[in-house]
Amino acid sequence: MYRIVKKRVLNPTVTLMEIEAPAVARKAEPGQFIILRVDENGERVPLTIAAYDREKGTVTIIFQIVGATTEKLNHKEEGEYLQDFVGPLGRATETEGLKRVAVIGGGVGTAIAYPVAKKLHDDGCHVDLIVGFRNKDLIILKEEFEAASTNLIIGTDDGSYGKKALVTDLLKEQIDAGVHYDRVIAIGPVIMMKFVCQLTKEYNIPTVVSMNPIMIDGTGMCGGCRLTVGGETKFACVDGPEFDGHKVDFDEAMARGAMYRDFELHAREETCNLFKQEVK
Amino acid sequence: MANMCPNKNPMPHQDPVVRSGNFQEVALGYTKEQAIDEAQRCLNCKNMPCVSGCPVQIRIPEFIAKVAEGDFEAAYQIIAQDSALPAVCGRVCPQETQCESKCVRGIKHESVGIGRLERFVADWHNANATEKAVKPASNGHKVAIIGSGPAGLTCAGDLARKGYEVTVYEALHLAGGVLVYGIPEFRLPKSIVQKEVDGLKDLGVKIETNVVVGRSITIDELMEQFGFEAVFIGSGAGLPMFMHIPGENLKGVYSANEFLTRINLMKAYKDGSDTPIMPLKGKKVAVVGGGNVAMDAARCSRRLGADVYIVYRRSEAELPARAEEVEHAKEEGIIFKTLTNPTDILGYNNPEDKRDPKNGSVSGLKCVEMELGEPDASGRRRPIVKEGSEFEMEMDCVIMALGTSPNPLIKSTTKGLEINKRGGIIVNEEGLTSREAVYAGGDAVTGAATVILAMGAGKTAAKAIDEYLAKK
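If you're matching them up, the sequences are chains A and B in order.
So for the first sequence, the working numbering puts the first residue at 984; every next one is plus one.
So for the second sequence, the working numbering puts the first residue at 2; every next one is plus one.
A portion of the hints provided could be inaccurate.
Calculated pairs, BS3-like style, for lysine-lysine (alpha carbon to alpha carbon, straight line, at most 30 Å) [unchecked claim]:
1) Lys355/B / Lys1177/A
2) Lys355/B / Lys271/B
3) Lys1059/A / Lys1147/A
4) Lys1217/A / Lys133/B
5) Lys143/B / Lys33/B
6) Lys367/B / Lys1230/A
Stretch-level coverage of chain A by chain B, calculated; a stretch enters the list once three of its residues show a Cβ under 8 Å from a Cβ in chain B [stated by the list, open to error]:
7) 1038 to 1049
8) 1241 to 1250
If you're looking for bench data, these hints aren't it; they were derived computationally from the structure.
Glycine residues also receive a C-beta, built at the ideal position from the N, C-alpha and C atoms.
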């Protein structure tokens, strides 16, 4: 069992949890993920590692409440335990030799982009961290982002904070202003990564994306996380989760990601109803 | 005088119509009377040909003689000296090509039902024995086992009985490997696997779940920082193989590993499980492949309410699955399309509505008919495409059961560990790898094979590890 050391509500649908998992913290690197199960009936859910503390032996995850499992997870409090927590899984982000990088995050993906930006920034790389949110109230981790970047650019869909612009527009502004990037790293919703890659392809900027497909074991056994990269089948759990964004078949990834949408909606509703009954 | 009845006592089974709607065990096991009657068919041959057919060399005639006397616990003790998992092997071993294929009774008539007797004895012991295994005194040596499948559990058991301090590292949240994620409940109830695992814990074996060796920890760290003097790698099957035909990444295409893991490990078929599986009631499912895994996937699909087709490119005679599994599958209404090979998985696409949720889902399977030509390198007749034989079948789900390639995690994180061109770890006849004190066995070495072969490899390695550490 794995204890929840800290819980912090970042915005109405995004929560941070720091979990006691020394074996995972010992080896975790930016770009890697964990798989957890909330309870005995829980499904195995992959979540990217948002931060880790080797001395305290903790790993931080940040999740958006989207389905039954994240709903259940969000109902756990500090001091309570998670059934299973395994990792670190996947390959770490390659950050060597980069001089100037744009790290792009969208929605909850911004949290996942954070450790990558921090690692690059710590290594002396010039980091433009470009993050987008729907509105001002949904902005998370602003202070952490500031500390992990040379230049933090925030945009919102409605203009309630920063520029009213999508992350792709903000990135384009930088490129058009003459900034040269060695690499763009995009982490967030598949649709966002798709459009970032369309843009960077025009400018020939190498772009890495972090894929988060449906997964079960996460160790290279089930094959559920496969995607097409450069016409070849790749497995996000062992070959990824990061891939050359100019080669990923995003449309296929989006379709596969929606495979259980009906089940998830239904299951979340049921879980919500259960929690409501408990409250009564 | 032996019982000269030409046929085995038939195995009592759940009715096919009833069982194709539930996940309870299909074969129900012999009664005491049936077991004694069957045991009396054994001729107790002096040269014991059956034993040579057993990868772990269980002293078959000796245990059968005890069954014939009605002393079932004594029979169990004889088996237990050579096999760590008798209740498992009695159910899933391909006895017809191993021990039973060598049985003298089988020359003219049916062999003795050795597998059925092994199962009876193990079940009798599990239901009646009261004595717990006792943890032997420690010999002070620490051994790490990677993977808690049949190879790892066997190796762990053999070493623990000799006094080694054994820790088993398992990547998943539950111990048992393929016995829990791969083989379905109706063929091997999970309570039986749990019992075998608990038995090892009684012997002092530590089982650490949620540890992915190669990621959470490496073999070098286990040996240098954690004080393990020897390591056995039994990490099992790896990534599923696909055919590389169009449509394999459509929604509704599963690897057999994923499909079976959702059902067996995650219990997706049960209410209350949070793990989803595609609803299959009234749907059409094609399982591509002809091995035991294909039969398991097909029979699970049937139990979820689907019309199921096995699509296999050679003829029925070449099906690699056990005859019994094929027969059970047929009884349950699974349709065999042999000499058939898929060329395309067809997808649904609504040009009017790009947001139609069915877009990108499986709608059919395009196949060609095959005929058998000259034997190939494997000795089996090579399937050749029949000209102009293309046809389409409507399908909602396609499950690829084509085997696996070994997991790349351990080899990529262990310096000096040599692998062959198929990705399997190279070992000598004692199970020793190219690294000192690192042994391996099971599917990680051979690629997809059987439970009993993996157990045999675990056993061989345990013996070699014992000899190696005794010399140190």
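Consistency of the hints with the structure:
The hinted pair formed by Lys355/B and Lys1177/A meets the criterion: a straight-line CA distance of about 17 Å does not exceed 30 Å. For the suggested pair Lys355/B and Lys271/B, the alpha carbons sit about 33 Å apart, so the restraint of at most 30 Å is broken. For the suggested pair Lys1059/A and Lys1147/A, the alpha carbons sit about 35 Å apart, so the restraint of at most 30 Å is broken. Distance check on the hinted pair: Lys1217/A and Lys133/B sit about 47 Å apart at the alpha-carbon level, beyond 30 Å; violated.
Distance check on the hinted pair: Lys143/B and Lys33/B sit about 42 Å apart at the alpha-carbon level, beyond 30 Å; violated. Proximity of Lys367/B to Lys1230/A is assessed by CA-CA distance (about 28 Å); at most 30 Å being required, the pair is judged to hold. By the rule of at least three residues with a Cβ nearer than 8 Å to a Cβ of chain B, the coverage given for the stretch 1038 to 1049 of chain A is violated, with 0 such residues. Note: the stretch 1241 to 1250 of chain A has 8 residues with beta-carbon separation from chain B under 8 Å; the three-residue rule is met and the coverage holds.
Violated hints, in rising order: 2, 3, 4, 5 and 7; the structure is consistent with all others.
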